[in-house]
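Asks: Spelled out, the chains give:
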Amino acid sequence: MLDLREYQSLGEALRAALERWPEEVCLIEADREREKARFTYKQFKEAALPLACAMQNAGFQTGTRAAIIMTNQSKWLISAYAIFFCGGVLVPLDYKLTAAEQLHLLAHSKAEFLIVEYHLWRAIMQADGFKNLAARVVLVTEAPVGADLGAAKRWEEFKSDREPNFVPRSRQDAACIVYSSGTGGQPKGCVLTHENYLEQCMALTALYPFWPGVRYLSILPTNHAIDFMIGFIGPFTCGAAVVHLRTLRPEYIREAFTRYKITYMTLVPMVLKSLERGLRQRFADLPKGRRAILNTLIKTNRALTRRRPNVNLSRRLLPQVHQAFGGELRAFFVGGAFTEPSTLQFFYDLGIPVGNGYGCTEAGTVITVNDFKPFRADTVGKPLPGIAVKILNADSEGIGEVAVRSKTIMSQYLDEPEMTSQTIVDGWLLTGDLGRLDAAGHLQLFGRKKNMIVTEEGKNIYPEDVETAFESLAVKEFCVFAANYLWPQRSMVGEQLVIVLHPEAGKAINKDLVDDVAARNRQLTNYKRIHGYLAWDRDFPLTASMKIKRGELAEQIRGSVDRSAVVAL
Amino acid sequence: MSSLQSTTDEVLRLAAEHFKVPREQLTPDDDFFKKLGINSLQALDLLTRIEHHFKIELPDYELQGVSDFRTLAERIQLRL
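Order-wise, the sequence lines are chains Y and B.
At position 502 of the first sequence the residue is numbered 502 (the numbering used here), and the sequence of numbers has no breaks.
At position 67 of the second sequence the residue is numbered 67 (the numbering used here), and the sequence of numbers has no breaks.
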């Protein structure tokens, strides 16, 4: 791999990687059973530089912000490299957001360039607020012949044959603005520096090395901090290859393992659980005798790998299981939400260790991960090299708020100095998560201090972002909370949102109101929906600027009613 | 070409079969995540079955924001 200590920026490191391994494959793009594109590092460079040159011709300058809204595909990474090559700041936006949400974040980020897939651009052009889009250059990928693109240009035709100018950046310069929340309310744009990424990459690849020949299967959105690091920067700075799959259908994910001989893959607990269910079903369908033999082999593997994984031994003991995953799989990584220990143990016993991790965008992705020395299913592992973790205000059981200090911590929330100073205190990032460090240095999580939920798909949902869907509801006031924030419990599963409704004086919560709440709820993306409502008959405590004092209101509710008062929608 | 009505009926039948629930319990306006208690991955599995049935290909993004059978049927109808 490259020695990343020698590089100042992502652009510089990626540029060196493209020169270092010209003949190695760096990127494969597949859609279902069809391979759509394959690039060596040399071909990747040849695809990116004409784009970079055309961007510079169009006025792209040092520090220009450029947003990408795309599903996982080769043009995502090619565009990102072109942006870094030109000394720009990348704004990766979630393609799963609604067009209105994307426009909200585009405006906040002040992105001057936008690179977007055709179907997403079509939705953006039809959204309210489109006329306020400030991006002055829009490049649209894969637009059909004759499609109306408005003032946008076709990505495929936006190139120049001249040599672009590489623009160096320093380690402290912003590399990316990644939104951790704020699609409906106050945007939280995490400004991550080149140093944040280079340090994170060094720490991760020290534990989980990549090398030429390694193939990483990328199914998590590349706009997400995890895939951006482990499915782009990590493999590319080590000469490895990324395989993009443009569908999340379980059957095609299974096929990709064998077709591309995948080495590593990161997934969210929901997908891991789905793989587990599929395997358990296949084991259950075996004839009794074969099932007994398999169980014995699994137990043997477990005993022999108790201290550390031994992938070669596991592949010999359980060849059919490993062949089903292509025969080259070394580990899964899982994060973004709580994973049941039994699922982690199930895969470990098969000889497929799962690096269970914990992190957040503000900390530049990963904070802790299991190092398998030995494997433990009951924790989210130890802090990565160079990352300090401490527990603030620990109670008698050692549980308190997880705080992090390292060179991977973001520099700030974009244009939000107050929010930044509340989140990074004396150099320590306050995560809002509750945890405990055990004697072996492993971190265990016990819930949240902050008002938000995480779904099993790894989606962070903030109540403020959901509230916009209920604006002008026929009540005096309303407020959305995470149920676990109102009534804390030491659990990371089954988190739900609750809307607190305070009707106008003399009015009750009637069927029309509940129907309206339910109808608006259905307009939200499925994972953002609220679970139920809570009737409240007192005025909400407000600040001088008429904002709800959420903490105070939560305390009042907690002191008056319990969870059973919530009526499911 | 089938009508939207018959496409919707077929989608409901396939969903009932796939998730082993009585067909009469499902209506076009049902939120399939809630009614069937499924996650997005299971919804994608259903989509694959629907594709095979109608002999069409629906990109994953076509399901983005879709949570009721009627809208799903409309998306399918556009590709028939």
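Hints are computed from structural coordinates only; laboratory data are not their basis.
Don't take each hint at face value.
If we take Cβ atoms under 10 Å as the criterion, some of the chain B residues that face chain Y in the derived model are [stated by the list, open to error]: (1) E17; (2) S40; (3) L47; (4) P59; (5) Y61.
Pairs of lysine-lysine residues, derived as DSSO-like cross-links and limited to a Cα-Cα distance of at most 27 Å, are as follows [as the list claims (entries may be wrong)]: (6) Y:K390 <-> Y:K459; (7) Y:K511 <-> B:K35; (8) B:K35 <-> Y:K96; (9) Y:K96 <-> B:K34; (10) Y:K528 <-> B:K55; (11) Y:K547 <-> B:K55; (12) B:K34 <-> Y:K528; (13) Y:K459 <-> B:K35; (14) B:K34 <-> Y:K511; (15) Y:K476 <-> B:K20; (16) Y:K131 <-> Y:K36; (17) B:K34 <-> Y:K131; (18) Y:K36 <-> B:K55; (19) Y:K459 <-> B:K34.
Sample of chain B residues lacking proximity to chain Y, with all beta carbon distances greater than 12 Å (derived) [stated by the list, open to error]: (20) Q25; (21) F32; (22) I38.
Note that CB positions come from ideal geometry on N, CA and C, so glycine has one too.
Asks: With reference to the structure, classify each hint as holding or not holding.
Replies: A quick look at each hint next to the structure:
1. With a least beta-carbon distance of about 17 Å to chain Y, the hint placing E17 of chain B at the interface is violated under the 10 Å criterion.
2. Taken as an interface hint, S40 of chain B checks out: its beta carbon lies about 6 Å from the nearest beta carbon of chain Y, inside 10 Å.
3. The restraint placing L47 of chain B at the interface with chain Y holds, with a minimum CB-CB distance near 7 Å, inside the 10 Å limit.
4. Evaluation of the P59 of chain B hint against chain Y yields a held restraint, the C-beta minimum of about 8 Å falling below 10 Å.
5. Checking Y61 of chain B against chain Y by beta carbon gives a least distance of about 6 Å; that is within 10 Å, so the hint holds.
6. The suggested pairing of K390 of chain Y with K459 of chain Y holds, with an alpha-carbon distance near 25 Å, which does not exceed 27 Å.
7. Pair hint K511 of chain Y plus K35 of chain B holds up; C-alpha atoms about 21 Å apart against a cutoff of 27 Å.
8. With a C-alpha separation of about 23 Å, the suggested pair K35 of chain B and K96 of chain Y falls inside the 27 Å cut-off, and the hint holds.
9. Proposed proximity of K96 of chain Y and K34 of chain B is supported: the alpha carbons are some 20 Å apart, at most 27 Å.
10. Simply put, K528 of chain Y and K55 of chain B have alpha-carbon atoms about 32 Å apart, too far for the 27 Å limit, and the pair is violated.
11. Distance hint between K547 of chain Y and K55 of chain B is unfulfilled; the C-alpha atoms sit about 53 Å from each other, more than 27 Å.
12. Using a Cα cut-off of 27 Å, the hinted pair K34 of chain B and K528 of chain Y holds, with the two alpha carbons roughly 13 Å apart.
13. For the hint linking K459 of chain Y to K35 of chain B, the alpha-carbon distance of about 21 Å falls within 27 Å, and the restraint holds.
14. For the hint linking K34 of chain B to K511 of chain Y, the alpha-carbon distance of about 20 Å falls within 27 Å, and the restraint holds.
15. This hinted pair does not check out: K476 of chain Y and K20 of chain B have alpha carbons roughly 44 Å apart, beyond 27 Å.
16. In summary, the hint linking K131 of chain Y to K36 of chain Y is not supported, as the alpha carbons are separated by about 34 Å, beyond the 27 Å threshold.
17. With a CA separation close to 36 Å, the supplied pair K34 of chain B and K131 of chain Y exceeds the 27 Å bound.
18. Proposed proximity of K36 of chain Y and K55 of chain B is supported: the alpha carbons are some 21 Å apart, at most 27 Å.
19. Simply put, K459 of chain Y and K34 of chain B have alpha-carbon atoms about 18 Å apart, close enough for the 27 Å limit, and the pair holds.
20. In this structure Q25 of chain B is separated from chain Y by more than 12 Å, as the shortest Cβ-Cβ distance comes to about 18 Å.
21. The claim that F32 of chain B lies off the interface is violated: its Cβ sits roughly 9 Å from the closest Cβ of chain Y, which falls inside the 12 Å cut-off.
22. Its beta-carbon lying about 10 Å from the closest one in chain Y, I38 of chain B breaks the requirement of being farther than 12 Å from that chain.
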